[in-house]
Every structure is written in structure tokens, then in C-alpha cells.
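Participant: Sequence:
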Amino acid sequence: MRKADLVSLISDKTGVPKVDVLVSLETFFKEVKGTLAKGENVYIRGFGSFVIKKRAKKIGRHIKQNFAIEIPEHFIPSFKAAKVFVDQVKDNVTSMPEDVEEED
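Going by this note's numbering, the letters in the sequence shown line up with residues 719 to 822, in that order.
Each hint should be verified, as a subset may be incorrect.
[Claimed, not checked] Result set (EDC-like, lysine to aspartate or glutamate): computed pairs, CA atoms no more than 20 angstroms apart in a straight line:
(1) Lys-731 / Glu-744
(2) Lys-721 / Asp-738
(3) Lys-776 / Glu-788
(4) Lys-772 / Glu-758
(5) Lys-798 / Glu-749
(6) Lys-771 / Glu-758
(7) Lys-775 / Glu-788
(8) Lys-772 / Glu-791
(9) Lys-771 / Glu-788
(10) Lys-775 / Glu-791
(11) Lys-798 / Glu-758
If you are wondering where the hints come from, they were derived from the structure by calculation, not from laboratory data. On a predicted model such as this, the values are computed, not experimentally measured, just so you know.
Work out the full structure, taking the sequences as your base and the hints as a guide.
Facilitator: Rendered as C-alpha cells:
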């Protein structure tokens with residue numbers, strides 16, 4: 719499902735015009751990004767948490783030139799689904815869609 723599909727689905731179910739749904743969705747994304755950029759986490763009960771994870775400093779390798787480089791400590795955004803959300807997916811999904819690749 720793409721963002722346009724989500725906007726259409728929400729608009730059809732709620733009767734709210736697509737442009738208003740799109741503005742609301744974009745505002746939600748902007749606020750989550752802004753909050754994470756400030757170093758704060760976002761918790762949505764029953765859905766999940768958008769959190770900041772710290773990645774430690776490490777040594778990497780430049781493959782083409784074959785020399786070591788230092789990758790500094792940095793922070794990345796992450797999403798952790800709520801238990802209710804995970805359980806609902808486990809109970810309802812019977813097979814993996816063909817267009818989604820499995821993670822090893």
C-alpha cells in the first residue's frame with residue numbers, strides 16, 4: 719500500500735475529502751520527524767513507538783579502496799510495534815504477500 723492508497727482508503731471510510739486527509743497525514747509525518755529530530759520519542763498506544771536508537775562508533779571498510787574508516791556514533795529513527803498490533807498481525811496474516819521479501 720502506498721501513501722496515495724492510504725489517503726484514498728481513509729477518505730472513503732470517513733467521508734473526509736482526500737486533500738484534507740493528505741494534509742493531516744503529511745502533518746502527522748512532519749510532527750513525528752520533528753519530534754524525533756529533537757531527540758524525543760513518540761508513543762502511540764495500541765499502534766507502536768517511534769524511538770531514537772544510538773549506534774555506537776565502529777570501524778568500517780571502504781571496499782573499493784580497501785582501507786578502514788571510522789564511522790562515528792550516530793542516532794537513527796526506529797519503529798517498534800505495540801504488542802496488540804503484533805498480535806493482530808500474527809493472528810490475521812496467513813501468508814506473505816508475493817511483493818514483500820522475507821528478512822533473514
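Participant: It remains to establish, for every hint, whether it holds in the given structure.
Facilitator: Here is what the structure says about each hint:
1. Lys-731 / Glu-744: Holds, at about 19 angstroms.
2. Lys-721 / Asp-738: 14 angstroms, holds
3. Lys-776 / Glu-788: 6 angstroms, holds
4. Lys-772 / Glu-758: 13 angstroms, holds
5. Lys-798 / Glu-749: 18 angstroms, holds
6. Lys-771 / Glu-758: Holds - the C-alpha atoms of Glu-758 and Lys-771 are around 11 angstroms apart, at most 20 angstroms.
7. Lys-775 / Glu-788: 7 angstroms, holds
8. Lys-772 / Glu-791: 7 angstroms, holds
9. Lys-771 / Glu-788: 19 angstroms, holds
10. Lys-775 / Glu-791: Cα-Cα ~4 angstroms, so holds.
11. Lys-798 / Glu-758: It holds: about 15 angstroms lies between the C-alpha atoms, which stays within 20 angstroms.
Comparing the model with each numbered hint stated earlier shows that all of them hold.
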